[in-house]
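Protein chains in written order, with our numbering: chain A, 30 to 253; chain B, 43 to 337.
Certain hints may be false.
What the hints assert, rightly or not - Keeping only pairs whose Cα atoms sit at most 30 angstroms apart, straight-line, the calculated DSBU-like set for lysine-lysine is:
| hint | chain 1 | residue 1 | chain 2 | residue 2 |
| --- | --- | --- | --- | --- |
| 1 | B | 233 | A | 79 |
| 2 | A | 159 | B | 59 |
| 3 | B | 332 | A | 100 |
| 4 | A | 79 | B | 240 |
| 5 | B | 332 | A | 159 |
| 6 | A | 101 | B | 169 |
| 7 | A | 75 | B | 143 |
| 8 | B | 207 | A | 101 |
| 9 | A | 109 | B | 51 |
| 10 | B | 240 | A | 144 |
| 11 | A | 109 | B | 332 |
| 12 | A | 97 | B | 332 |
| 13 | B | 332 | A | 99 |
| 14 | B | 191 | A | 109 |
| 15 | A | 75 | B | 333 |
| 16 | B | 233 | A | 184 |
| 17 | B | 240 | A | 97 |
| 18 | A | 99 | B | 233 |
| 19 | A | 79 | B | 332 |
| 20 | B | 240 | A | 184 |
| 21 | A | 109 | B | 333 |
| 22 | A | 75 | B | 185 |
| 23 | A | 75 | B | 233 |
| 24 | B | 240 | A | 100 |
| 25 | A | 99 | B | 258 |
| 26 | A | 53 | A | 207 |
| 27 | A | 161 | B | 51 |
| 28 | A | 99 | B | 333 |
| 29 | B | 332 | A | 101 |
| 30 | A | 93 | A | 234 |
| 31 | B | 240 | A | 75 |
| 32 | B | 240 | A | 161 |
| 33 | A | 79 | B | 333 |
| 34 | B | 240 | A | 99 |
| 35 | A | 148 | B | 332 |
| 36 | A | 161 | B | 59 |
It should be emphasised that the hints constitute simulated quantities derived from the structure, not laboratory data.
It should be emphasised that the depicted structure is a prediction, and the values quoted were computed from it without experimental measurement.
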Amino acid sequence: MIEFINVTKKYDHDVCAMDNVNLKINKGEFAFLVGPSGSGKSTFLKLMIKEEEPTSGKILIDGKDITKIKKKDVPFLRRKIGFVFQDFRLLYDRTVEENIIFALRIIEASEREIKAQLKAVLQMVGLTGKEKYYPNQLSGGEQQRVALARALATKPPILIADEPTGNLDPKTAEEIFKTLLEINARGTTILVVTHAKDIVNELSKRVIALDHGKVVKDDAKGVY
Amino acid sequence: MTTNSYLIKEGYDNLNKHGSKTISTMLIICATMLILGIFIIILQNVNSNVETLRLEQGLQAFIDDNATDEDIAYMEDEIKLIEGVSEIEYMDKNEAYEDAKNQFKNQEYFLDGLEQLDIFPASFIVKFTNIEEAERIKADTEKIDGIYKVKYNADTIDAVISISKIANGFLLGVGIVLLVVSIFIISNTIKLAVYSNKREIFIMRYIGATNGFIVKPFIVEGAIMGIVSALISFIIISIVYVYIYVSLNTSYALGVFKFIPYSTIWYQILLAYIVLGLFIGIFGSAISLKKYLKV
Numbered sequence: 030m031i032e033f034i035n036v037t038k039k040y041d042h043d044v045c046a047m048d049n050v051n052l053k054i055n056k057g058e059f060a061f062l063v064g065p066s067g068s069g070k071s072t073f074l075k076l077m078i079k080e081e082e083p084t085s086g087k088i089l090i091d092g093k094d095i096t097k098i099k100k101k102d103v104p105f106l107r108r109k110i111g112f113v114f115q116d117f118r119l120l121y122d123r124t125v126e127e128n129i130i131f132a133l134r135i136i137e138a139s140e141r142e143i144k145a146q147l148k149a150v151l152q153m154v155g156l157t158g159k160e161k162y163y164p165n166q167l168s169g170g171e172q173q174r175v176a177l178a179r180a181l182a183t184k185p186p187i188l189i190a191d192e193p194t195g196n197l198d199p200k201t202a203e204e205i206f207k208t209l210l211e212i213n214a215r216g217t218t219i220l221v222v223t224h225a226k227d228i229v230n231e232l233s234k235r236v237i238a239l240d241h242g243k244v245v246k247d248d249a250k251g252v253y
Numbered sequence: 043m044t045t046n047s048y049l050i051k052e053g054y055d056n057l058n059k060h061g062s063k064t065i066s067t068m069l070i071i072c073a074t075m076l077i078l079g080i081f082i083i084i085l086q087n088v089n090s091n092v093e094t095l096r097l098e099q100g101l102q103a104f105i106d107d108n109a110t111d112e113d114i115a116y117m118e119d120e121i122k123l124i125e126g127v128s129e130i131e132y133m134d135k136n137e138a139y140e141d142a143k144n145q146f147k148n149q150e151y152f153l154d155g156l157e158q159l160d161i162f163p164a165s166f167i168v169k170f171t172n173i174e175e176a177e178r179i180k181a182d183t184e185k186i187d188g189i190y191k192v193k194y195n196a197d198t199i200d201a202v203i204s205i206s207k208i209a210n211g212f213l214l215g216v217g218i219v220l221l222v223v224s225i226f227i228i229s230n231t232i233k234l235a236v237y238s239n240k241r242e243i244f245i246m247r248y249i250g251a252t253n254g255f256i257v258k259p260f261i262v263e264g265a266i267m268g269i270v271s272a273l274i275s276f277i278i279i280s281i282v283y284v285y286i287y288v289s290l291n292t293s294y295a296l297g298v299f300k301f302i303p304y305s306t307i308w309y310q311i312l313l314a315y316i317v318l319g320l321f322i323g324i325f326g327s328a329i330s331l332k333k334y335l336k337v
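Based on the sequences and whatever the hints tell you, model everything.
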């Protein structure tokens with residue numbers, strides 16, 4: 030599903046953010062991407078959605094080398110990857126359902142699809158009944174669920190969560206991970222960037238550790 | 043709701059969201075459009091009056107006294123062959139005398155007894171398709187056998203040409219300046235709109251919005267501002283013009299200058315305003331989007 034082949038990314042002044050990385054994440058897998066600040070996690074994600082170009086190497090998403098796709102096709106690549114941010118990135122002047130519909134409009138979904146998907150994702154993240162609420166009327170955990178629902182609305186085969194529980198208390202964080210596991214169980218490939226050591230250790234999933242732009246650890250049932 | 047109608051709605055919502063900025067932008071656009079409209083109307087009136095003058099101008103080619111009817115027919119044919127001649131009229135000696143009498147209206151006694159002296163020569167009155175070729179047509183006419191003199195009102199013709207040229211040049215200059223100002227104002231408003239929607243645009247990019255999807259609401263916003271400004275300007279200028287037309291055209295204050303009736307130019311002004319409004323709105327937005335959205 031996601032494959033990095035000899036990927037190197039150098040910024041100006043020869044700062045090497047990604048150093049000959051080889052990595053494969055299979056379809057339906059759940060993986061954690063861990064590492065200290067500056068280890069290359071953000072660069073890894075930016076390369077995946079083509080916000081950055083690698084200096085050398087190939088990146089395959091769903092079997093397609095994205096280093097070769099044209100600029101105008103980038104939006105269609107991004108539709109394959111749902112993104113959840115630490116700070117939720119919601120539109121605070123729109124209701125829960127408007128935030129979700131916003132994503133569906135972008136992919137030019139029909140009215141019927143919008144209706145069906147809205148219902149499905151709200152149910153999936155446990156927000157049924159909160160459609161008309163504004164994000165500010167919700168708790169942090171609920172806001173992250175809205176973000177999750179928005180990312181899932183477009184039915185992406187891959188979901189990336191960048192520090193999804195960084196702003197949440199442990200109990201809420203646990204609930205969010207529970208939801209992520211449920212989503213994964215339905216077939217979505219999930220990559221979570223996190224510092225939540227306890228949860229990583231508890232879930233016993235694949236853990237990929239980066240440091241100085243290199244993969245320093247890649248365990249199938251790893252710990253932080 | 044289709045994607046396009048959604049994007050139009052988003053553009054309209056943006057206008058409401060930036061309410062005070064939208065109103066101030068439209069007021070400035072209206073002001074520039076009104077100034078431009080006034081210049082267009084002045085120019086149209088000048089051009090219309092110049093055109094009337096142009097049509098009245100011509101040259102007079104005097105025929106030798108001993109020319110026969112055949113000679114006259116030959117000369118007429120030759121003049122008709124000159125490029126740029128639109129109309130030719132023969133004036134015999136009697137008509138020339140009558141014409142002189144007309145010119146001395148109320149003082150006909152000056153001409154008493156002159157009819158018998160046979161001093162008024164027969165001539166051709168020649169009109170042009172293009173006044174600017176008068177000098178050449180005069181020279182060509184002079185070459186024809188049997189024409190002994192050609193006269194035309196060079197001063198009037200030169201004045202007409204230069205008035206028209208100055209007015210057109212001035213309008214072009216003013217028009218370009220006002221157009222640039224309007225585009226700059228719209229592009230500045232859209233720049234602010236882009237900044238205030240930065241968060242939204244960021245999310246859109248991550249979800250996979252195409253450039254077209256991101257820019258359309260801003261283009262709609264610019265186009266609506268342009269069109270609404272155009273319509274407001276049109277209404278104001280129509281009222282003002284009709285008022286001036288009614289007040290001044292019936293008086294003799296303007297001498298020979300005649301205002302064009304508004305019914306013959308309103309659609310030209312409306313069309314010019316709408317095209318201009320759309321152009322300013324769309325082009326102004328596009329400049330900002332290209333610069334600040336990097337699309």
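Going down the list of hints, with the structure as the test:
no. : hint          : in the structure
1   : 233/B / 79/A  : holds, 26 angstroms
2   : 159/A / 59/B  : holds, 25 angstroms
3   : 332/B / 100/A : holds, 15 angstroms
4   : 79/A / 240/B  : holds, 20 angstroms
5   : 332/B / 159/A : violated, 39 angstroms
6   : 101/A / 169/B : violated, 62 angstroms
7   : 75/A / 143/B  : violated, 94 angstroms
8   : 207/B / 101/A : violated, 49 angstroms
9   : 109/A / 51/B  : holds, 27 angstroms
10  : 240/B / 144/A : holds, 27 angstroms
11  : 109/A / 332/B : holds, 27 angstroms
12  : 97/A / 332/B  : holds, 24 angstroms
13  : 332/B / 99/A  : holds, 19 angstroms
14  : 191/B / 109/A : violated, 89 angstroms
15  : 75/A / 333/B  : holds, 23 angstroms
16  : 233/B / 184/A : violated, 33 angstroms
17  : 240/B / 97/A  : holds, 28 angstroms
18  : 99/A / 233/B  : holds, 27 angstroms
19  : 79/A / 332/B  : holds, 20 angstroms
20  : 240/B / 184/A : holds, 25 angstroms
21  : 109/A / 333/B : holds, 28 angstroms
22  : 75/A / 185/B  : violated, 84 angstroms
23  : 75/A / 233/B  : holds, 26 angstroms
24  : 240/B / 100/A : holds, 21 angstroms
25  : 99/A / 258/B  : holds, 21 angstroms
26  : 53/A / 207/A  : holds, 24 angstroms
27  : 161/A / 51/B  : holds, 20 angstroms
28  : 99/A / 333/B  : holds, 21 angstroms
29  : 332/B / 101/A : holds, 15 angstroms
30  : 93/A / 234/A  : holds, 26 angstroms
31  : 240/B / 75/A  : holds, 19 angstroms
32  : 240/B / 161/A : holds, 24 angstroms
33  : 79/A / 333/B  : holds, 21 angstroms
34  : 240/B / 99/A  : holds, 24 angstroms
35  : 148/A / 332/B : violated, 37 angstroms
36  : 161/A / 59/B  : holds, 21 angstroms
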